[in-house]
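Peer 1: Chain residues, written in single-letter form:
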Amino acid sequence: MKIPEHRRASAYYILFTLAFVILFIVTSYQYKLTDRMFPLLVGYVALPLLILDLLALTDSKIGEKISIFFSAKTPEQVDEDADKTERTMAKELTIFAWMGALVLGIYLVGFLPCTPIFVYCWMKYRGGYSIRESCYLSIATTAFVYILFELILQYELYPGIFLYWYG
Amino acid sequence: MFEALIEGIVNLSSPHSLLLLAAGSAVGLLFGAIPGLGGTTAVALLIPLTFGMEPWQAIILMGGVMAATSTGGSVSAILLNTPGIAPNAATTFDGYPLAQQGKAGMAIGAGATASALGGVIGVISLVAVIPIMKAIVLLFTPPEFFMLAIFGLCAIAVSSGDRLLQGLITAIVGLMVGFVGYYDVTSTVRYDFGLPLLEDGIKLVPALIGLFAISEMINLAVKGGSISQEASDVKISRISDGVKSVFKNWSTMIVGSGYGTFIGAVPGVGGTVAAFLSYSTQAQRDPSPDIEYGKGNIKGVIAPESANNAKDGGSLIPTLAFGIPGSAETAVFLGVLILHGIEPGQKLLEDHQDLVFTLVVALTVSAVFATLVVLALAKYMALLTRISVHMLIPTVTVVALVGAFALNTEIGDVVIAFIFAFIGYFMIRFNYPRVTFTIAIVLGSITELSFHQSMLISDDQWSIFYTRWLSVFLMVLTVLSLALPTIRRKMKERRIAKEEGSK
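Going down the list, the protein sequences come from chains A and B. Counting along the first sequence from 1, when you hit position 120 you're at 120 in the working numbering, and nothing is skipped either side. Counting along the second sequence from 1, when you hit position 360 you're at 360 in the working numbering, and nothing is skipped either side.
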């Protein structure tokens with residue numbers, strides 16, 4: 001009973017969800033009966049469903065039966081209908097890194113310095129736009145954020161942990 | 001009810017309200033026309049702007065967005081063969097062939113007019129149902145609410161089409177996420193892992209912004225390229241012919257609107273199913289058409305467009321009456337209501353009828369307004385779909401993160417939005433329904449509360465769930481909804497076997 005190479009990523013996703021559910025169930029036992037009763041009921045329903053989902057990915061008779069029962073399709077038909085967009089791990093990690101850097105940047109120096117830097121860098125290095133075009137959009141976005149949130153809606157935008165440290 | 005309607009009209013008649021409605025409709029049209037964005041993203045992104053508003057102003061803004069999205073989506077479906085949002089997919093079947101024949105204006109005119117009339121019919125249905133809704137809501141006690149929430153979740157999971165297992169898993173995980181934080185019944189903080197950020201539970205607004213707005217941006221970034229590759233140099237003329245064709249084919253529009261309203265009221269089924277069912281019914285009703293369906297029959301545009309706009313009114317029926325959203329958009333809209341201290345259900349229908357009618361009037365006016373804008377600016381709207389993703393991604397991401405922060409001015413909310421963006425991305429990647437997940441998060445606390453209240457009423461007797469007729473009825477509906485894919489599969493197998501036998 002093997003999971004074919006092209007379905008491995010889905011299997012990891014299911015295993016991750018399974019780990020989350022197990023953690024949820026284990027954590028539930030530290031609470032009183034009233035607090036854990038319904039969450040546990042829900043948690044224990046999730047376990048067999050996740051195992052079935054995992055089995056449906058396998059190259060086996062049982063996998064095919066589960067797939068047909070729940071989706072009226074064989075695993076091969078499910079593969080055919082799946083989104084064929086090429087998503088390499090390197091590309092995904094790069095995007096995650098960009099997004100992570102933005103959030104980290106916001107945490108460290110706040111929204112206003114981060115907004116133009118992020119928009120400029122994205123336009124220039126990921127979009128391949130000229131310096132001028134990248135500058136225009138970064139200034140426009142920053143102005144939009146500042147005018148709408150700081151001036152009109154009067155929210156104090158997060159200034160970053162550094163400014164907090166320096167009082 | 002009449003006074004509430006008048007109040008709704010008064011609320012909307014000030015210049016400020018009209019400006020909000022126009023802004024909402026413009027955003028709805030824009031996000032509807034650009035494939036990959038959609039109304040849910042628009043509603044999620046606009047939530048932070050409503051923080052300082054009165055509830056009725058927030059409702060007007062959101063009503064504008066919701067009513068305009070599918071009208072905007074029809075433009076890219078007709079001109080570029082690329083549906084702006086999923087419910088517009090059925091419009092491409094005949095809309096795009098019409099555009100190829102040089103009748104793009106006619107198709108847009110018909111689509112926009114059918115959208116407006118469908119939207120108005122959906123809203124009228126909502127108004128007609130309001131008095132009955134109050135009586136129905138009174139029949140619901142905790143066990144019925146519990147069973148209704150379970151039915152809603154199962155119906156939404158089943159609506160994931162051929163991904164029932166994934167739909168059910170997502171619903172359960174969503175419920176689990178909904179359990180995080182302070183639980184009022186026992187005054188306990190649960191599943192917070194010692195993090196102050198989670199003590200009050202997962203905050204809905206940052207989670208929604210992450211799940212729908214930022215995750216879409218990550219997905220677009222990974223996919224790359226421009227949103228639409230098709231040329232947009234289509235000539236737009238004969239719009240008035242399209243408008244006239246809707247009145248000529250009024251029965252198609254009425255039937256489509258009926259489908260939209262009815263299907264929209266079933267939680268989770270949504271506009272896509274309504275549009276496709278309406279299209280296929282129209283094709284069946286018209287066995288010998290002048291122009292074959294799929295080759296540029298104008299009725300093939302009217303039927304799905306009237307259905308997918310009428311569903312807005314329909315999907316608000318369970319949202320306003322029970323707090324069970326009929327679609328992803330209404331799930332996010334429910335978040336807006338909760339944010340403004342409005343609790344759906346009996347209280348809303350009795351004490352805040354003015355708000356319900358403000359929404360009704362906003363949806364009606366916005367449906368008409370969006371249509372007029374589309375009729376006037378169709379050509380320019382098509383150009384919007386040419387915007388490069390590299391311009392959209394950084395701007396939308398930054399604005400979304402600022403929005404996530406603005407609600408409580410807590411940097412932790414940015415982290416929540418970020419985490420949910422990744423959850424949302426992986427759900428897109430592995431084809432797990434985000435709508436089910438969102439609705440389950442919203443329903444998590446209500447479901448558990450109803451469960452505990454039922455147990456308290458019955459002195460811990462489970463029989464309370466199967467000794468009350470309405471609860472049993474909802475239980476039967478739940479079982480039927482879960483059995484539906486199997487029944488459908490068996491019927492399909494039997495039909496295929498019959499066809500093979502006759503050969």
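Read the hints as simulated data drawn from the structure, not as lab findings. Glycine included, each C-beta is placed from N, C-alpha and C at the ideal position. Among the hints, a few may not be true.
Claimed, not checked - Short, incomplete list of chain A residues facing chain B, as computed with Cβ under 7 angstroms: (1) P39; (2) Y44; (3) A46; (4) L47; (5) L49; (6) F118; (7) G127; (8) Y158.
Peer 1: Now, for every hint given, state plainly whether the structure supports it.
Peer 2: Now the hints, each set against the structure:
Because the smallest distance between the Cβ of P39 (chain A) and any Cβ of chain B comes to about 5 angstroms, under 7 angstroms, the interface hint for this residue holds. Residue-level restraint check for Y44 (chain A) is violated (minimum Cβ-Cβ distance to chain B is 10 angstroms; threshold 7 angstroms). For the restraint placing A46 (chain A) at the interface with chain B, the shortest Cβ-Cβ distance is roughly 4 angstroms, inside the 7 angstroms limit, so the hint holds. For the restraint placing L47 (chain A) at the interface with chain B, the shortest Cβ-Cβ distance is roughly 10 angstroms, beyond the 7 angstroms limit, so the hint is violated.
Satisfaction of the interface hint for L49 (chain A) is found here, the shortest Cβ-Cβ separation to chain B being roughly 5 angstroms, below the 7 angstroms cut-off. For F118 (chain A), the interface hint holds, since its Cβ comes within 7 angstroms of a Cβ in chain B; the closest pair sits about 6 angstroms apart. Checking G127 (chain A) against chain B: minimum C-beta separation of about 3 angstroms stays under 7 angstroms; hint holds. The beta carbon of Y158 (chain A) is positioned within 7 angstroms of a beta carbon in chain B (closest approach about 5 angstroms), and the interface hint is therefore held.
When held up to the earlier numbered hints, the structure conflicts with 2, 4 and fits the remainder.
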